[in-house]
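Colleague: Here's the letter readout for the chains.
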Amino acid sequence: MTDTRRLGPVIAFCLAALTMTYLSYVLPTLLPGDFVTAMYGGSQVPLTEEQESELRRHYEGDTGFGGYLKRLATLEWGYSYAFLKPVSALFFEALPWTLLLLGSANLLAMILGFVLGVEVAWRRGSRLEKGVVGGMTLLEGIPEICTGVILLVLFSYQWQWFPASGAETAYVTSGFFERCIDLGRHLALPLTTLILAYLPGNFLVTRNSMIMVMKAGYITTARAKGLPPRRIRYVHAARNALHVVVTRFGLRLAFMITGALVVERITAYPGLGTLLFDAIRARDLPVIQAVVLFSSLMILAIVSGLEIAYRFIDPRIRHAR
Amino acid sequence: MHAELSRRLRRDPFFLIGSGLALLFLTVSVLGPAWAPFDPWDISFSPLAPPSAEHLLGINDGGQDIFSELLYAIRNTFSFGLLSGVAALGLGVCIGVISGWIGGMVDAVLMRIADILLAIPAIMILILTAALFRPAPLSLALLLAALMWPTISKAIRAQTLTLKHSLSVKAAVQMGGGNFYIMGRHLLPEMFPLYLIGFAAKTRMAIFMEASLAFLGLFDPARKSLGLMISYALKYYYMEIWWHWLMPPIICLSLLIMSIAFVAISLEKMLDPRLREPVLEGTV
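If you're matching them up, the sequences are chains A and B in order.
Just so you know, our numbering puts 177 at position 177 of the first sequence, and the rest follows in order with no gaps.
One rule links them: number in our numbering = place in the second sequence (from 1) + 1000.
Next comes chain A alone, as it looks inside the complex (with noise of 0.2 angstroms):
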């Protein structure tokens, strides 16, 4: 029972994941005409006779469903005409920079948006609590797009302070401490997008679960013992918080990567956003198919990756009988 009870979400996430991958498969086929004429019809590219009988050769050995498991797992992902280079090898180009963004965006915002939740929901009914409460529920209300383009008309165009494009300064060979330098100075913009936009979400989940659990028994009994507040709030209350938080973070994902594709276009950051929006422009399927394919299956592990370790480390579900 328990075992099948840790492992639920795990089997939504590979059927999901089965799911996606189905869907990447048949979609294209549903399209009239075949294969390669459903792909390429529409594309601003010419093809070319040779690129043509080439693709269909590539294509004519079309085993099914299996087979385009097989090709997805060789790196076989086709041949971009659109960016003259293979599919695979744009994907990881772009792949490292959403990392880098995505990854310390949500990390400085979980960080910063749980601490800032704890001290305050810790401060209930004081001036400062409803005044950054109310601040956030502002915040929760702007979206990326519009944060995003105005801290570039700012800090871009009106003052300087940042480039306005790129993940760094091209043809310039430095040291590594002025690469490092240069590399966050693009990544300033994006990046305050995003963590204005994922702050107070995981700000308002923080303080609304510590409210709760601050009503809880053993915290009065925490209090009672004299033990000091800091310890309470962070040993005693914090901890069962920050269950309801990891589990609004899945939840709360498909909002997000949303946000970070359009915010990567605003300040044209290399990553997938970029990539995709290049590729819907220039209408190259096989491109726009990979990234939502890859970036999806991404998504999910991640989500599921996170689940389980959660699973191992709260003490109320591993030892749930």
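Heads up, a few of these hints could be off.
[Said to hold, decoys possible] Taking lysine-lysine pairs in the DSSO-like style, the calculated list, with each CA pair at most 27 angstroms apart, reads:
1. A:K70 - A:K85
2. B:K1164 - B:K1154
3. A:K130 - B:K1269
4. A:K215 - A:K225
5. B:K1269 - A:K215
6. B:K1170 - B:K1154
Keep in mind that the hints were calculated from the coordinates and are not lab data.
Given chain A, work out where chain B should sit, using these hints.
Modeller: Relative to chain A, chain B alone:
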């Protein structure tokens, strides 16, 4: 419970501002085409002209009146959100009540489907479908609704399971009430506040998705949308026209999403007794 709720809602500033703004946008969406001074597809004006008495927000790079464009864009973006929200709510409530009331295999299958859909990032399926088939906005709104009903039905199902044991429902079963009679007369009306939360959350998500998809260029380029306006105007952000071309759609989109977020947050606060203001705690 409902009367008490509406009294407390009327005292909450977030709810008042949110619903007021939402009503304003609704009016603009309905009356926008009548108010627009020009045809938003008319390209006969001088491109990139600054605002004047005739053209309140100036002219864009294609020679179109920005103010008329904005009115149509609000209408398209908001109606996409409302439609998707209504459809997701309908689907979510039906599936949730059926799943909770009937139980057994039906419940197990429906909830497994819900788990799978919860795990899949909706935007990815929308991007794939939009890029491959270029469907009408209406179909995309409905597809989005078909992807985002699970959170609503999970909440409705949980509530149905508690209501199942209430006296009124037990009495209705005793008197021989059929499944549909009990679901329609006893279960559905009881859960009214939950609909509002679900509807607000989904509408907000749909508006956000519409703006993002339009921004990424997945809709018909001739269809006015706040996301598309931002995308076009962003190309000229370094010129002195950003404040009357780029800013209006950004402010409108923020206010639109904010108004619905306010309503959702305020409703959630009111309906979750554990989050109520400490002052009220004694009376609960």
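Colleague: Now look at each hint and say whether the structure bears it out.
Modeller: Hints and how they fare:
1. The suggested pairing of A:K70 with A:K85 holds, with an alpha-carbon distance near 21 angstroms, which does not exceed 27 angstroms.
2. A threshold of 27 angstroms between alpha carbons decides the hint, and for B:K1164 with B:K1154 the separation of about 15 angstroms falls inside it, so the pair holds.
3. Under the criterion of a C-alpha separation no larger than 27 angstroms, the hint pairing A:K130 with B:K1269 is consistent with the structure, at around 14 angstroms.
4. Annotation: proposed proximity of A:K215 to A:K225 holds, straight-line Cα distance about 16 angstroms (limit 27 angstroms).
5. Between B:K1269 and A:K215 the CA atoms are separated by roughly 17 angstroms; this keeps the pair inside 27 angstroms, and the hint holds.
6. With a C-alpha separation of about 22 angstroms, the suggested pairing of B:K1170 with B:K1154 holds against the 27 angstroms cut-off.
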